[in-house]
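Chains W and C, in that order, give the protein sequences.
Numbered according to the numbering used here, the first sequence spans residues 1 to 136.
Numbered according to the numbering used here, the second sequence spans residues 137 to 272.
Keep in mind that the hints are not guaranteed to be accurate.
Short, incomplete list of chain W residues facing chain C, as computed with Cβ under 7 Å [said to hold, decoys possible]:
hint, residue
1, M1
2, E2
3, F12
4, F14
5, N20
6, A28
7, M42
8, L44
9, A47
10, G51
11, D70
12, P83
13, K85
14, K115
15, Q121
16, D124
Which bits of chain C does chain W cover? Going by a derived footprint, with three or more residues having C-beta under 8 Å, they are [what the hints assert, rightly or not]:
hint, segment
17, 147-154
18, 159-165
19, 176-185
20, 217-228
21, 253-262
In short, the hints are calculated from the structure, not lab data.
Owing to the predicted nature of the structure, the values given are computational and were not obtained by experimental measurement.
The C-beta atom is built at its ideal place from N, Cα and C for all residues, glycine as well.
There are 2 protein chains.
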Amino acid sequence: MEIKLTRLEEPFLFNVENSNGAVLLSNANQDIGGSGKGFRPMELVLAGAGGCAAIDLLLILKKQRQNASDVQVLVTGKRDDSPAKAFNAISFHFSIQGEVDENKLGRAISLALEKYCSVVQSLDKNIIIESTYKIN
Amino acid sequence: MEIKLTRLEEPFLFNVENSNGAVLLSNANQDIGGSGKGFRPMELVLAGAGGCAAIDLLLILKKQRQNASDVQVLVTGKRDDSPAKAFNAISFHFSIQGEVDENKLGRAISLALEKYCSVVQSLDKNIIIESTYKIN
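When you get a sec, could you build the whole thing from the sequences and use the hints?
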């Protein structure tokens with residue numbers, strides 16, 4: 001798995017490309033001179049965590065024969081006071097549409113976040129992972 | 137810092153939006169039924185790691201009064217055999233243009249990856265982080 005970054009504009013706007021040719025824009029925070037276009041690097045981590053959690057959740061619900069017709073995820077990150085301002089907590093709020101048993105959903109979210117989500121399992125084990133959900 | 141994911145297409149194509157309204161597409165691997173459009177979640181982590189490393193490297197080189205006129209980064213991730221297929225190694229290859237002292241560049245890359253890069257410092261400490269560089 002490979003990602004290529006090339007600078008589009010000074011000082012910090014980058015074109016980011018994957019091996020299929022998909023592109024996105026990434027930039028620094030305006031506090032340090034970025035223009036605010038595109039995604040900040042730490043936002044991309046939250047984006048990856050949310051996508052991965054959503055995909056795994058849908059797969060687990062399907063295995064549980066739960067009929068989730070749609071899902072939205074809101075991912076929020078809190079950062080610490082280290083020089084890197086690393087994440088110290090990430091919370092996921094899942095909104096689920098469909099005929100879904102609440103107990104099974106709770107179990108599916110735990111399995112997704114604690115076992116199957118590649119991104120969450122690649123994060124520092126000290127980061128607090130929290131989740132809430134709503135069935136519509 | 138907040139990221140919102142909404143499903144665009146079944147089963148796994150998500151619209152990902154940050155608080156400034158920037159959007160990107162994320163999808164599952166084709167192996168599990170994704171269409172291959174957009175970025176896979178784990179690619180977004182590499183994208184974030186590369187952007188953050190590049191930005192911090194440029195900031196450190198500037199403080200060192202090194203004249204880097206451009207930078208590209210290639211980020212490669214290797215995954216383990218756990219159920220989550222988490223990262224076990226991430227390598228960065230930096231291509232730097234400009235008048236840059238090689239010793240200072242090596243030191244700047246170490247500082248960026250080991251101290252300042254928010255994304256790398258948010259990753260599991262067991263992930264092996266490697267780097268190479270080329271000055272053009």
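Supplied contact hint for G51(W), tested at 7 Å Cβ to chain C: Holds. Min distance 4 Å.
Closer than 7 Å between Cβ atoms is the bar; does K115(W) clear it against chain C? Give me holds or violated. Hint on K115(W): holds, closest Cβ of chain C at ~6 Å, below 7 Å.
Coverage claim, chain W over the segment 147-154 of chain C, checked by counting residues with Cβ within 8 Å (three needed): The restraint on the segment 147-154 of chain C holds, since 5 of its residues have a Cβ under 8 Å from chain W and three suffice.
Examine the segment 176-185 of chain C for residues whose CB is less than 8 Å from any CB of chain W, and state whether their number is three or more. Answer holds; 10 residues pass the 8 Å Cβ test.
Taking the least C-beta to C-beta distance, is F14(W) closer than 7 Å to chain C? This hint holds: F14(W) lies near chain C, its Cβ roughly 5 Å from the closest one there, short of 7 Å.
Within the assertion that chain W covers the segment 217-228 of chain C, do at least three residues meet a Cβ-to-Cβ distance smaller than 8 Å? holds (count 6)
May I ask you to test the interface hint for E2(W) with respect to chain C, counting a Cβ-Cβ separation under 7 Å as satisfied? For E2(W), the interface hint holds, since the closest Cβ of chain C sits about 5 Å away, which is under 7 Å.
Double-check F12(W) for me: the hint is only fine if its C-beta lies closer than 7 Å to a C-beta in chain C. Result: holds, 5 Å to nearest chain C Cβ.
Identify whether the interface hint at A47(W) stands, where standing means a beta carbon of chain C within less than 7 Å of its own. 5 Å, holds
Against chain C, run the beta carbon of A28(W) and see if the smallest gap drops under 7 Å. 5 Å, holds
Restraint outcome when M1(W) is required to lie within 7 Å of chain C by C-beta distance: 5 Å, holds
Does the segment 253-262 of chain C contain three or more residues whose Cβ lies closer than 8 Å to a Cβ of chain W? holds (count 9)
Of the numbered hints stated above, none is contradicted by the structure.
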